[in-house]
Structure formats: structure tokens, C-alpha cells
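Please arrange chain B on chain A, whose structure you already have, making use of the hints.
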Amino acid sequence: QKEVEQDPGPLSVPEGAIVSLNCTYSNSAFQYFMWYRQYSRKGPELLMYTYSSGNKEDGRFTAQVDKSSKYISLFIRDSQPSDSATYLCAMSEQGAQKLVFGQGTRLTINP
Amino acid sequence: EAGVTQSPTHLIKTRGQQATLRCSPISGHTSVYWYQQALGLGLQFLLWYDEGEERNRGNFPPRFSGRQFPNYSSELNVNALELEDSALYLCAGGMNREFAEQYFGPGTRLTVT
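Sequences listed follow chains A and B, in order.
Sequential numbering from 356 applies to the first sequence in the working numbering.
Sequential numbering from 8 applies to the second sequence in the working numbering.
Excised from the complex, chain A in its bound form:
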């Protein structure tokens, strides 16, 4: 079993829809939770990160962490075609200094 599971998709939604992306994990020691966006032929770009449980909002993006369920989510409101990319979740233990990534979900926003 992988430490971090992420549905690879692909996920296709119409412009303006609310998008929900999710990851589950098995390692209860994970304390840092990140979401990256990767456009084709580019390196991943850090979108948001959260320490421990709770919600974090940044513009159209909201990250949620539920440590009791070992489940994290990224919500994108008012989705735009420019949001079309692969979204990667990543996690880390306190002091581990390395990120464990999910496989990534390929998202397409249709105009």
C-alpha cells in the first residue's frame, strides 16, 4: 500500500464549477500537507500548505485536512481553463525534511 493515495483521474469539469481534489494517507505521523500544481512540461508549483488539521483559504483555493480520517482535500471555486493542470498532494513528517507525493490528478476545465 502506498503511503499517499491520489486518484489520477482524468477529471474534466465545465468552467465555473467547483472542483474537489482529494488524497488519503496511511502514515499518522504526517504533519505537513501541501498541494502543488504542475502544468505540462513544467516543474510543480506550490499552491498551499497546511500544518496539522484545519482549513486554509487563498483566493479561489481552499485546503482542508482531516487527520482523524487521514484525508485531505483541495477545493477550487469558479474554476477557469487556466486551472487545467495536474494537481499533486504532498505530505511530510515533522523533521523528516522530505515530501511524499501522491500520483497527481489530471484536471481539465472546459470553456
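Simulated from the structure, these hints should not be mistaken for lab results.
It cannot be assumed that every hint is accurate.
As the list claims (entries may be wrong) - Heads up, simulated DSBU-like pairs for lysine-lysine below, C-alpha to C-alpha not over 35 Å straight-line:
| no. | chain 1 | residue 1 | chain 2 | residue 2 |
| --- | --- | --- | --- | --- |
| 1 | A | Lys422 | A | Lys397 |
| 2 | A | Lys425 | A | Lys397 |
| 3 | A | Lys397 | B | Lys20 |
| 4 | A | Lys357 | B | Lys20 |
| 5 | A | Lys453 | B | Lys20 |
| 6 | A | Lys397 | A | Lys357 |
| 7 | A | Lys397 | A | Lys453 |
| 8 | A | Lys357 | A | Lys453 |
| 9 | A | Lys411 | A | Lys422 |
Please read all numbers here as calculations on a predicted model, not as lab measurements.
Showing chain B alone in chain A's frame:
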């Protein structure tokens, strides 16, 4: 401000050869992290360098090695290349105390034939 840079963009080698990949983090970042992104496997952590020292390595054989220079740039060396080493190699820069915030370069696409 310049972002993380990596060179070369593409590299084609034959099995058994050695590959050298280079990375320069953003100014002010002292840590460099290397990841392998192979098709179907996602990003796998390779190595972490901070202040010139190797601090952690992932589950990769010793033929994957590297170093960090005094200007914090880094080099990844892969010896005795195997076909399954074909992948996108990404480096990320960051600060040791803020390791959750890692800033990635565009990657080097290594193809082993």
C-alpha cells in the same frame, strides 16, 4: 528574481554511461532537494542537501549521488545508467527551517537508451 534553474533541459545517454544534472536554487535558499518523476510512479524523493552536506536520501541505490557547492547550487550524478532511470529529474530549493515550502525547477528529462 530568477527562479530555480536546471540544466540541461534534455539529456540522452546510453545504458552504462554516467549522467550529470545541475540545479541552482533561488537566491537565499540553502537547501536543495532532488526528486525523480518517472512515468506512472509520481515524484520520488532522491536526496536532500543543506549547507553543503547530504542530510537525507530516499530509497535509491548508491549510484545516485550528488553534491552541493558553496554557492548552494547542486549536482546530481547517476552512474551506470539503467533503462529504468529514464525520468524527469526535478530539483527544488528551500530553507531548512521552512522545508514544507519547496520551489521546483522545470526539470531535466533524462532518456536512457
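Consistency of the hints with the structure:
At most 35 Å may separate the alpha-carbon atoms for a hinted pair to count; A:Lys422 and A:Lys397 meet this at roughly 31 Å. For the given pair, A:Lys425 sits about 29 Å from A:Lys397 by alpha-carbon distance, which is consistent with the 35 Å threshold. Taking the CA atoms of A:Lys397 and B:Lys20, the gap is near 22 Å; set against the 35 Å cutoff, the hint holds. The straight-line distance between the Cα atoms of A:Lys357 and B:Lys20 is roughly 31 Å, inside the 35 Å bound, and the hint therefore holds.
As the CA atoms of A:Lys453 and B:Lys20 are separated by approximately 28 Å, the hinted pair is consistent with the 35 Å bound. Using a Cα cut-off of 35 Å, the hinted pair A:Lys397 and A:Lys357 holds, with the two alpha carbons roughly 25 Å apart. Proposed proximity of A:Lys397 and A:Lys453 is supported: the alpha carbons are some 21 Å apart, at most 35 Å. In summary, the hint linking A:Lys357 to A:Lys453 is supported, as the alpha carbons are separated by about 16 Å, within the 35 Å threshold.
The hinted pair formed by A:Lys411 and A:Lys422 meets the criterion: a straight-line CA distance of about 14 Å does not exceed 35 Å.
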